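Trainee: Below are the chains, spelled out letter by letter.
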Amino acid sequence: MALVGIPVPAALKRKRRREALRTFAFLSPWLIGFSVFFAYPLISTVYFSFMKYDGFSAPTFNGLQNWSYVFNDYPSFWQGLRNTLWLVVVMVTLRVAFGLGIGLLITKVKTGAGIFRTLFYLPYLAPPVAATIAFAFLLNPGTGPVNAFLGDLGLPTPGWFNDPDWSKPALTMLAMWGIGDLMVIFMAALLDVPREQYEAAELDGAGPWQKFRFVTMPNISPIVLFAVVTGVIQTMQYYTQAIVAGKVASGVIGGSGQQFEPGYPNGSTWTLPQMVYNLGFQRFDTGSACVIALILFVISMAFTSLLLRRKSGLLASED
Amino acid sequence: MTATISLPLTRKDAAVRVARRRAALHWVAVHSLAIAAALFFVLPFVFVFLTAVMSDRQAITSDLWPRSWQWSNFIEVWHTEGFLSWWRNTLLYAGLGTVLTVLSSLPVAYALAKFRFRGRNLALMAVISMMMLPPQVIIIPMYLFWAKQLHLTGTLWPLIIPMAFGDAFSIFLLRQFLLTVPKEYIEAARIDGCGEFRTLLKVVVPMAKPAIAAVALFQFFYCWNDYFGPQIYASENQGAWTLSYGLASFKASHHTNWNLTMAATLLVMAPVIVLFFFAQKAFIEGVTLTGVKG
Chain A
1 MALVGIPVPA ALKRKRRREA LRTFAFLSPW LIGFSVFFAY PLISTVYFSF MKYDGFSAPT
61 FNGLQNWSYV FNDYPSFWQG LRNTLWLVVV MVTLRVAFGL GIGLLITKVK TGAGIFRTLF
121 YLPYLAPPVA ATIAFAFLLN PGTGPVNAFL GDLGLPTPGW FNDPDWSKPA LTMLAMWGIG
181 DLMVIFMAAL LDVPREQYEA AELDGAGPWQ KFRFVTMPNI SPIVLFAVVT GVIQTMQYYT
241 QAIVAGKVAS GVIGGSGQQF EPGYPNGSTW TLPQMVYNLG FQRFDTGSAC VIALILFVIS
301 MAFTSLLLRR KSGLLASED
Chain B
1 MTATISLPLT RKDAAVRVAR RRAALHWVAV HSLAIAAALF FVLPFVFVFL TAVMSDRQAI
61 TSDLWPRSWQ WSNFIEVWHT EGFLSWWRNT LLYAGLGTVL TVLSSLPVAY ALAKFRFRGR
121 NLALMAVISM MMLPPQVIII PMYLFWAKQL HLTGTLWPLI IPMAFGDAFS IFLLRQFLLT
181 VPKEYIEAAR IDGCGEFRTL LKVVVPMAKP AIAAVALFQF FYCWNDYFGP QIYASENQGA
241 WTLSYGLASF KASHHTNWNL TMAATLLVMA PVIVLFFFAQ KAFIEGVTLT GVKG
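So the protein lines, in turn, are chains A and B. Each step along the first sequence adds one to the number in UniProt numbering, with nothing skipped, and position 102 is 102. Each step along the second sequence adds one to the number in UniProt numbering, with nothing skipped, and position 243 is 243.
Think of the hints as simulated: they come from the structure by calculation, not from any bench. As the structure is a computational prediction, the values presented were derived from the model and not from experiment. Just so it is clear, CB atoms sit at the ideal spot from N, CA and C, and this is done for glycine as well. A hint or two may mislead.
Derived list of chain B stretches under chain A, where covered just means 3 residues or more per stretch with a C-beta under 8 Å from a C-beta of chain A [claimed, not checked]:
| hint | stretch |
| --- | --- |
| 1 | 70-84 |
| 2 | 131-144 |
Straight-line C-alpha distance at most 27 Å; calculated DSSO-like pairs for lysine-lysine [as the list claims (entries may be wrong)]:
| hint | chain 1 | residue 1 | chain 2 | residue 2 |
| --- | --- | --- | --- | --- |
| 3 | B | Lys209 | B | Lys281 |
| 4 | A | Lys108 | B | Lys281 |
| 5 | B | Lys202 | B | Lys148 |
| 6 | B | Lys281 | B | Lys148 |
| 7 | A | Lys15 | B | Lys183 |
| 8 | A | Lys211 | A | Lys110 |
| 9 | B | Lys202 | A | Lys15 |
| 10 | A | Lys13 | B | Lys183 |
| 11 | A | Lys211 | A | Lys108 |
| 12 | B | Lys281 | A | Lys52 |
| 13 | B | Lys281 | A | Lys110 |
| 14 | B | Lys183 | B | Lys209 |
| 15 | B | Lys183 | B | Lys202 |
The following label-pair restraints were derived from C-beta to C-beta distances [said to hold, decoys possible]:
| hint | chain 1 | residue 1 | chain 2 | residue 2 | range |
| --- | --- | --- | --- | --- | --- |
| 16 | B | Ala270 | A | Ser250 | 25 to 33 Å |
| 17 | A | Ala302 | B | Arg21 | 50 to 58 Å |
| 18 | A | Asp54 | B | Thr180 | 50 to 58 Å |
| 19 | B | Leu150 | A | Arg213 | 19 to 27 Å |
So that you can see chain A by itself, here it is in the shape it has in the complex (with noise of 0.2 Å):
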């Protein structure tokens, strides 16, 4: 059945166009979208940060002024890049152990496990702002229930939003609170481990520590990668819970315009995003801002290409 050298006949011909032309019309918004949302910008990203632009006058080029700016001049770069990295390192770590160790306590749950997991669900839900509004208050150090608890138990009260040292923990505890999302992926994916692994590793003599690391470990791991690599991306983008925690503990919350002392306390909050707005928005330093967005664009997808190397689960296909 060799159609080599035999031309393709025109019925088919036309059935291959029309598919063609079918794909493209259900890609069509996805492709107007790529191209505008996602291409253009990312060019002119790159374009803008080998200018010198404030936004009114037309820009001109500058080499690698902006980029010589930022990582000598900019006083707050390496600060915000440090605690970016703090947040990455122990906020990623945390919330993935935390969640994993939900997940499993779900799944041992025989009596109101809808109703547990309904509550250790919720928080994740709570919008951003008024979580981090909310956990300002209760960890306020000096009205706050956190610290008034503590002290009656005779503990240390901490400043918590209001000591730079104690600031990237609460933010970290307040990052913990909304961990129903990872529950559930990694309730998912135990309930997903066949029950007869555990019955042979029982039957050689398995603890149940020995059962979680060569069973359940094993067969969730790629999970566990995909919670790593999402959880590093998204801290990566890290902005409103640092942001309105500052402005809250700082107290002088503005909406537009009123300026506060950036990364409050100290710094201790200042992040990379944050410096995309405060360059571009504050400052009128689009070149400069735009140098940070590439930095935040490289490092997100060099992680994203972890999670696309795994070709068995993002891409696959049914054929």
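Start from chain A and add chain B according to the hints.
Mentor: Below, chain B alone, put in the same frame as chain A:
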């Protein structure tokens, strides 16, 4: 004789008893741990609520229990200048955004899941890259585009209009679900002479209802919770503020009033939580779909 029979029996009894006791202990341990965890997740809501009904004076003390239940705090917040327009704007952003996202993402997800064409994997990789892109990466050129070319800053349109052109996360989630729809249904529809678009509408959409519900909910919550977008595009015009953005500035005018701030916080959280209780299943399924099934 009796001894030889009763001995193994009692031994078995003892073994059963030990196993039972161990199971009971396990039950107690697991449930105590679950209750402790539940306290961590629930207590913040409880304290926020208790403070929301306190008087101004009591709210700045570290009292936990309200001396008088001042329900009028909620009414006072409700009547705060701007609060109603923040609601209106948020509903507009979230409502329109959700509808547009579903309508524009579904055909794309269907094509990526069910059509075979060259460059399909490349397109999928592009979708995943977009999904993972921090919004701050492209915000500067996007802002300039909306501000200088279209003069739409100060409104919510720069946030809503892009949703008519597919949302990467929604496309990805729908595609993950559509992969699980058996090919046979679609082929049967094609053989019956259904056009692709009608197949999608009449065959695929009814089967994909849970996934569509999940995407709609996620998008609604995303818009409801969004702070960055409204800060960039709408902050210059108070008339276009949303709840999340407005709430962050609420405390400015109520500097020491933690009770009113907490009441406002609850009013912003409430719709999200009520919606969740109505659509729990769709939500949980949606989360699972993003991470696990592939």
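Trainee: For every hint, state whether the structure bears it out.
Mentor: Outcome of the hint check:
1. 70-84: violated (count 0)
2. 131-144: holds (count 13)
3. B/Lys209 - B/Lys281: holds, 12 Å
4. A/Lys108 - B/Lys281: Holds: lysine 108 of chain A and lysine 281 of chain B sit about 20 Å apart, inside 27 Å.
5. B/Lys202 - B/Lys148: Cα-Cα ~43 Å, so violated.
6. B/Lys281 - B/Lys148: This hinted pair is violated, its Cα atoms lying about 44 Å apart.
7. A/Lys15 - B/Lys183: Holds. Lysine 15 of chain A to lysine 183 of chain B sits at ~20 Å (cutoff 27 Å).
8. A/Lys211 - A/Lys110: Holds, at roughly 20 Å.
9. B/Lys202 - A/Lys15: holds, 23 Å
10. A/Lys13 - B/Lys183: Roughly 24 Å separates the two Cα atoms, so the pair holds.
11. A/Lys211 - A/Lys108: holds, 14 Å
12. B/Lys281 - A/Lys52: Status violated; Cα separation ~51 Å.
13. B/Lys281 - A/Lys110: holds, 19 Å
14. B/Lys183 - B/Lys209: With Cα atoms ~17 Å apart, lysine 183 of chain B and lysine 209 of chain B stay inside 27 Å; holds.
15. B/Lys183 - B/Lys202: holds, 15 Å
16. B/Ala270 - A/Ser250: 25 to 33 Å: With a Cβ separation near 27 Å, alanine 270 of chain B and serine 250 of chain A satisfy 25 to 33 Å, so the hint holds.
17. A/Ala302 - B/Arg21: 50 to 58 Å: holds, 53 Å
18. A/Asp54 - B/Thr180: 50 to 58 Å: Taking Cβ atoms as reference, aspartate 54 of chain A and threonine 180 of chain B lie about 52 Å apart, which means the hint holds.
19. B/Leu150 - A/Arg213: 19 to 27 Å: violated, 57 Å
Against the hints set out earlier in the document, violations occur for numbers 1, 5, 6, 12, 19.
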